[in-house]
Amino acid sequence: MQPDLTKKILELIRLTSSSLPPNVEKRVRESIEKEEPGSAARGALETIIKNVELSRVNSTPICQDTGTPIFYVHYPEGWSTRKLKEQIRAAMVEATKRNFMRPNAVDAVYDKNSGNNLGGEDFPTIHFDEIDSDQPLVIELMLKGGGCENVGRQYSLPDNSLGAGRDLAGVRKVALDAVQKAQGQGCAPGILGIAIGGDRGSSYAKSKEVLFTEMGTRNADPELAKLEERLIKESNEMGIGPMGFGGKTTVLDTKIAGMHRLPASYFVSVSYMCWAYRRQKMTVRDDEVLYN
Amino acid sequence: MHEITLPISDETIRSLHVGEPVTLTGTMVTGRDAAHKWLIETFIKKTRQPQGDDLKVYDELKRLLNGSVIYHCGPVVSGLDTKDYKFVAAGPTTSIREEPYQADVMKHFNVKGVIGKGGMGPKTLKGCQETPGVYFHAIGGAASFIAQRVTKVLGAYKMEFGVPEAMWVIEVNEFPVVVTMDAHGASQHAVIEEGSKKVLDDLLAKPY
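Which chain is which? The protein sequence lines are B and L, in order.
First residue of the first sequence? That's 4 in the working numbering, and the numbers climb one at a time after it.
First residue of the second sequence? That's 3 in the working numbering, and the numbers climb one at a time after it.
You may find that some hints are simply not true.
Claimed, not checked - Heads up, simulated DSBU-like pairs for lysine-lysine below, C-alpha to C-alpha not over 30 Å straight-line:
{"hint": "1", "chain 1": "L", "residue 1": "K160", "chain 2": "L", "residue 2": "K85"}
{"hint": "2", "chain 1": "B", "residue 1": "K236", "chain 2": "B", "residue 2": "K29"}
{"hint": "3", "chain 1": "L", "residue 1": "K88", "chain 2": "L", "residue 2": "K154"}
{"hint": "4", "chain 1": "B", "residue 1": "K115", "chain 2": "L", "residue 2": "K48"}
{"hint": "5", "chain 1": "B", "residue 1": "K29", "chain 2": "B", "residue 2": "K53"}
{"hint": "6", "chain 1": "L", "residue 1": "K39", "chain 2": "B", "residue 2": "K100"}
{"hint": "7", "chain 1": "B", "residue 1": "K115", "chain 2": "L", "residue 2": "K85"}
{"hint": "8", "chain 1": "L", "residue 1": "K208", "chain 2": "B", "residue 2": "K251"}
Think of the hints as simulated: they come from the structure by calculation, not from any bench.
The task is simple: from the sequences and hints, build the whole structure.
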């Protein structure tokens, strides 16, 4: 009999909304020292850290835009995804009541906020992936705010205006363009999730999926690993800085995923994640639930 | 550090310059996408007939906004059932979406400042010179921190827009911001945008 995980998922939502992952916090803290004493950039990073500490202690949202909830559920063979979906949705309603989540689902046609973070079949977004029956159930959650979502971009290569061809040199060019166009709008310093290939839909989805991988780790493909590092370095040369105040810290990390594409298409999708890089994971084995 | 109490005089506004940190204390009103669209269509361009409590709210907003600031914010609010409202999380939202509306709203209501994040464009910058007013940049995402500076929620208008989009009247104490667009035509955002574009062009010219 499959357990009712609603309360455990509620805890996952609380944790994700109010607790920044330690490795993200560490990156932000390290960046403070790179900014000039007394500068607006440094002040912004210091305020961010104060906010992170306060949110964790008080269980209040790190950011009032609690974002699009994106769930990835890795369920052992035999589990009911229908029940898991019901439990996730019930937990979302309760999390909204308890102010871990802002009511964030707005009917785009009639401009009506549903008030409980449920909206049709697509809100929240839930991806299911079946795994072997002897593996534990894993639910990952990312909350991605609208400010950073709005500055994401998709390019169809070749892009003549940027001189970007259908190769990694072209990918580099459009990714740098996306960072420059984002300025501070996406709450810099940000994290880039980049997908190369796919169709328009799968490419954007992959550019977010890649943001679930561990911060600071590099792609197994040495070419892509090199490009990730180069994009971090060059993005930070642009002087946009925290909040776009000017400064040395614009991008904290970059993650790239390669996909297959049609011969006719070459999409590069750039998802920008704000510094409030909220993602957590729960693992369920028998009666035990572990968070991260 | 300038410590400013709302409402703000023209003289104080003109004394502010880009890059300066400021704290704000007093009564302000939140307003974002739905609110700006509604204000423009109903009272400024008058392309839409006032409905329901529109005219009553307009009269109250005229009084509240005169000399005060609009905060681009969609808060998380507790006490919705009892109307004993409290801001739980209240950082700024991206301001550029209000670029088509902001200057007209500032001039119409004599709004002396706009708080948000990411800065705004040339139309608002011109509005800042004409009103006069300034753009105050708050720290994006610092929602729990800023919510602590909101000492009291005095009320809410247009709840039909939803909690994030409603116009909340709030009392704040030492709300920390940085001036990034001033009444003298200077914009920190334009400077950073231009500088980063030059670097980008150099980077694009480099071989892979």
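These are the hints, each one checked on the structure:
Using a Cα cut-off of 30 Å, the hinted pair L/K160 and L/K85 holds, with the two alpha carbons roughly 14 Å apart. A hinted pair counts as satisfied when its Cα atoms are at most 30 Å apart, and B/K236 with B/K29 qualifies at roughly 18 Å. Taking the CA atoms of L/K88 and L/K154, the gap is near 7 Å; set against the 30 Å cutoff, the hint holds. Of the supplied pair hints, the one linking B/K115 and L/K48 holds, its CA atoms being roughly 23 Å apart against a limit of 30 Å.
Simply put, B/K29 and B/K53 have alpha-carbon atoms about 13 Å apart, close enough for the 30 Å limit, and the pair holds. At roughly 28 Å between alpha-carbon atoms, L/K39 and B/K100 fall within 30 Å of each other, so this suggested pair holds. For the hint linking B/K115 to L/K85, the alpha-carbon distance of about 21 Å falls within 30 Å, and the restraint holds. Between L/K208 and B/K251 the alpha-carbon distance is near 21 Å, which keeps this suggested pair within the 30 Å criterion.
Going down the numbered hints, you'll see the structure goes against none, and every one checks out.
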